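Undergrad: Okay, here's what each chain looks like letter by letter:
Protein chains: 2
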Amino acid sequence: MAVWIWYPQDFEIDLCGKVEFRRRDHGMTYPTVWRLDAPSRSVHFVKKYTLDAPGTIRIFAQGEPYCCIDNLVVPDRCETVELPKGTHELRVGVMSLHSLPALYIDGALETDESFVTSDDFVHFVPCGYSKLFDAPEKRPEDYRLPTRHLDPVGKTKEGYWDFGKESFGFIHFDAAKDGECIVFCGESVPECDAGMGAELWDRVQVKKGQHVRIDTRALRYLRIDGDVEDGSVYVEEEYNGLPFRASFKSNDARLNKIYDVSAYTMEMCTREFFLDGLKRDRWLWAGDALESVMMNPYSYFDSETTRRTLAALRGREPFTQHINRILDYSFYWVISVWEDFFATGDASFIRSIYSKMVSMMEYTLSCCNEDGFIVGRKQDWVFVDWADMSKEGELCIEQVLLWKAMDILHRSAELLDKEEDAARFGGIADKLKDKIMEVFWSEEKGTLLHQRLNGKVQGHTRYAPMFALMYGMLTPEQEQLVIANSLLGGDAPKITTPYMRFYEMDALMRCGKAEEVLSDVKAYWGGMLDLGATTIWEQFDPEEKGLEHYAMYGRPFGRSLCHCWGAGPIYLCGRYVLGVKPLEPGYAKYEVAPQTGGLHQASGSVPTTDGDISVEIDGEHVTVSSTCGGEGTLIWNGETVQIPAGTKEKPAVVKL
Amino acid sequence: MAVWIWYPQDFEIDLCGKVEFRRRDHGMTYPTVWRLDAPSRSVHFVKKYTLDAPGTIRIFAQGEPYCCIDNLVVPDRCETVELPKGTHELRVGVMSLHSLPALYIDGALETDESFVTSDDFVHFVPCGYSKLFDAPEKRPEDYRLPTRHLDPVGKTKEGYWDFGKESFGFIHFDAAKDGECIVFCGESVPECDAGMGAELWDRVQVKKGQHVRIDTRALRYLRIDGDVEDGSVYVEEEYNGLPFRASFKSNDARLNKIYDVSAYTMEMCTREFFLDGLKRDRWLWAGDALESVMMNPYSYFDSETTRRTLAALRGREPFTQHINRILDYSFYWVISVWEDFFATGDASFIRSIYSKMVSMMEYTLSCCNEDGFIVGRKQDWVFVDWADMSKEGELCIEQVLLWKAMDILHRSAELLDKEEDAARFGGIADKLKDKIMEVFWSEEKGTLLHQRLNGKVQGHTRYAPMFALMYGMLTPEQEQLVIANSLLGGDAPKITTPYMRFYEMDALMRCGKAEEVLSDVKAYWGGMLDLGATTIWEQFDPEEKGLEHYAMYGRPFGRSLCHCWGAGPIYLCGRYVLGVKPLEPGYAKYEVAPQTGGLHQASGSVPTTDGDISVEIDGEHVTVSSTCGGEGTLIWNGETVQIPAGTKEKPAVVKL
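Chains as they are written, first to last, in our numbering: chain E, 1129 to 1784; chain Z, 1129 to 1784.
These aren't lab readings, by the way, just hints derived from the structure by calculation. Predicted, not measured: the structure shown is a model, and the values here were computed from it. Mixed in with the good hints there might be a few duds.
Identical copies carry no separate label here, and so any pair may be met within one copy or between two of them.
Okay, derived cross-link-like pairs now, BS3-like style, lysine-lysine, Cα gap no bigger than 27 Å in a straight line [claimed, not checked]:
(1) 1484 to 1506
(2) 1778 to 1673
(3) 1176 to 1305
(4) 1673 to 1146
(5) 1175 to 1506
(6) 1176 to 1506
(7) 1506 to 1563
(8) 1259 to 1336
(9) 1546 to 1305
(10) 1673 to 1561
(11) 1546 to 1506
(12) 1146 to 1385
(13) 1559 to 1175
(14) 1717 to 1776
(15) 1546 to 1673
Just chain E, same shape as in the assembly (with noise of 0.2 Å):
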């Protein structure tokens, strides 16, 4: 099958622009603040072929085609071209300034991921495609999300309307008067009411009948100031269009309903890319997208969305400057690799990628201490979570990703037979492992300490001991000591983001916290329901109040209430509840092990590669049945049973 080939990445460095151009704030577009990059310009496609008879091909490129064959020019247009028999190499060169060069052929050929690529001419690596884009009509810059029409389901005043629940699409409506209107977009009521005060509006100078078309805003509210004709106004919704592939249900009706939230939750945010927050910033973050990446195998488990948010945050060599420019993030940008690799099982995009992890990497290192400690410099933006702490000197939570990432990178250079590098970056993870444990771990405090400032370790938050928990880096022994002495108790400050809580519930589970960490989702999750939330919020503190709710980043209507590090519990219900993980790489072996945490039933499915884990849990029993083809472990009340492969006409059912 002929699918656009283009040069690794490009694709998805290109759509990136385009997507973080529709960012709008104020009425204006919102630049990024940090290096966006442009795809190549100029590109060559090579494909040395064998053909037992002559044979004739079509030539459709993004931008204007050059044809050699041999290294000989094929003048004139090459649309059509007669390919000689025997052994040969076809060399197609593409040229475009404004849109991704990209190149199309079938017939007697045609291209797919055998065709090499280059973009200075020197140095050849395996092309960039995607199965979007398999006919010559469906060209990669054309691609857009599909839409739908979407009516509101009332007004809630005059000039209001209500879509009755967060959507995000092409506001229509038909002006019925010459003069001005202004479109404001609100989460809220009160964001609609605070007109220019709003995070969101248009101005827009109209005739009267004519049909105004706005480009895609994130809205539950419209308010229109302006004469508009009754009954004209809709939203053209854009959609994902990806089949959610997970469910869960429960005895729990608060539980269900904050799975079908976070799911909405993660619907909308699942777009071209995952993007964090849909109505104000519509760009991609590496540490929002580390939790998509982790939910997406318990929703769509689609690695092509995976994929393309991880190469367009990545963009282009040379590596200048942390991903989002935030030190933490470049870390979880590499977790997410390999996070998609072992949900997967493909190496491919790790294979395409490898280098860029690698000069990544090796800026990092390049940046690092005595003791091979990352600190922030002034040009990094030490993240971590939006909470107070200091994040001076040597943060042990920033060492212990570090850790991780290098981790990867060995791991990633095993998986690729890169002996040297595997070698050199698991000789560096050790040697950092070792060096936290002696610098950060308190023996009086029988957790991992906050931070090194000044020679003197002090501190003590809920970052660095949840994530060496989760991360493996702790023996049982002091697992069991940071739970009880950092998550469960201890003086550590509570974690009010949902961004950090799917960590730290993350964490908990694995240490087989069910009952307490479905009780502190019910309340903190449930509490935003409870305030007529249809997505999951940017922030949530319960103690807050009215408009307290909507404001942040000094901002009155700064807060996102549609943010996809809200979504954890569709993964928390998966992995834990439903208890479905991956053992080994792309659900080759797996594991059932539900942690019910009190509930009585409880029943879903968890996607894989190849097919779905359905469980279903009631009362004293579980069944599980699989059409993956994985070979899998139930465990329940202590028992174990093995689950054999399944298929789609014939699954396998086990019970215990």
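Assemble chain Z onto chain E, guided by the hints.
TA: Only chain Z this time, still in chain E's reference frame:
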């Protein structure tokens, strides 16, 4: 005065893409065979200002602007913005996917070189700008050269038009019938005769009466296969619009003709950038560019064209391949930067591009062997010249160029007060020079040998000796040996391209060999005129016959008949016959030391930054009239006299 501003070098990089995109070949767009960079897509401009009273500014952008004062957003369109009085920071971000992000502000504050800019929100550098774009409507993205109407001088036969001399522009005609027209461009009649065997042709589908405009092509002759309205054919000639500031006349009509044709060749090739060949190869080449850069002070003295060319050639970071993929061309690029500085005395370009000079030379150093010598790798094209020679192993000419580039890096660092760099690069240069002389100087032959291959120093070509001589690497005794043993005598093969003859003649002129050089110029350049050349060719071998003159690169009409590297006589006449050259940067000190080479009369003018130096040689006497503000020395027949600073109102006149 307000000007449009951008991220430094991005305008040039973007324009280079547009210009190189216009290269046509066999009916197709020819993609570059090196990395072609795109400008930044998201750029921020910052200015800290102080205003005594509040003031209004108007903001114009290429792309979408986003305005902040003291880090707080100024909502809503930002076409005009009120600036508060006092000291504040204005920041305007501009994002653009399909054009260069650029900004123009006028009113209470104006965009100029005092703005800093960043493409990653971290590293802020002085912005780029050009005085060409000094009004809101003079947008950098609209930049095109001016055009003028050019009628054919006649027809050579039916369907063939002759424009009298080499030209360049849009081709216009009216179709007389429905159907296809094929438009062939020829620098010669035989090229038109060759039809699709020619380099340049375009197919167009036309309707009767339709006016056709074909994009810029180089041609003297035009053939149109198809029905064309009588009298409708013309060229909309594109020209550079710059004043040609130099002149030369002598008692030798043949030399005068050579000067004029050379000047016209320079005119044709001085476009947005210095292009090498007009017809075939409308790309930028650093080797060809160096000669244009050296000729520029003896013709247009337009440093903008030089700097545009050099900025575009260097492109963006990272430096991952030699400029044009040619080892020697990286060195010529560095040398060009210094030539521009030395002619203009203006260090601003070196200052803006210094970091890119360093990064490319660091890349080069990382490829050097233990002797500090550079050897072409598999991906490097070791060009030197179109001539048979061994290019294996360590070539002396490449080491000489490397030394010169390193020496310039050392001087540039000194100029910019970068002491550490200066010491480092100076040390490398000195060590390299010693090593070159130690390894390649042959006492037996009395010159520099060609290469070291498998430990054996061998071969003899003119390249290393003449560059070593030109660049002051030799002692006076060695210079004389080299002239005798490599240039005027000895067994080194003759040079057959105007490209390398340029340097050969420069080297000989430096040593006072005007008579030999002028006689050679008249024979060699005159040989092309005798064959009807209206511009100087890419290559000329007097031994060739008929169609042989048009062939190159294995293609019957591959040779360019308008090639800038052939314009050398304008440099020779100005710099050596009239004898005008700067001794210090920007003509602060200069010399007039005419070498008539047997001419009885010669007169002309050489431009400087701030005036002109006119020289009139008549029999025994020479008169200099200078409006240049620098101090000159006139040297004539062993006598010396000072030329005081002149002004436009009061030229300094000196006679000997």
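Undergrad: What are the numbers of the hints that this structure violates, sorted from low to high?
TA: 2, 3, 4, 8, 9, 10, 12, 13 and 15
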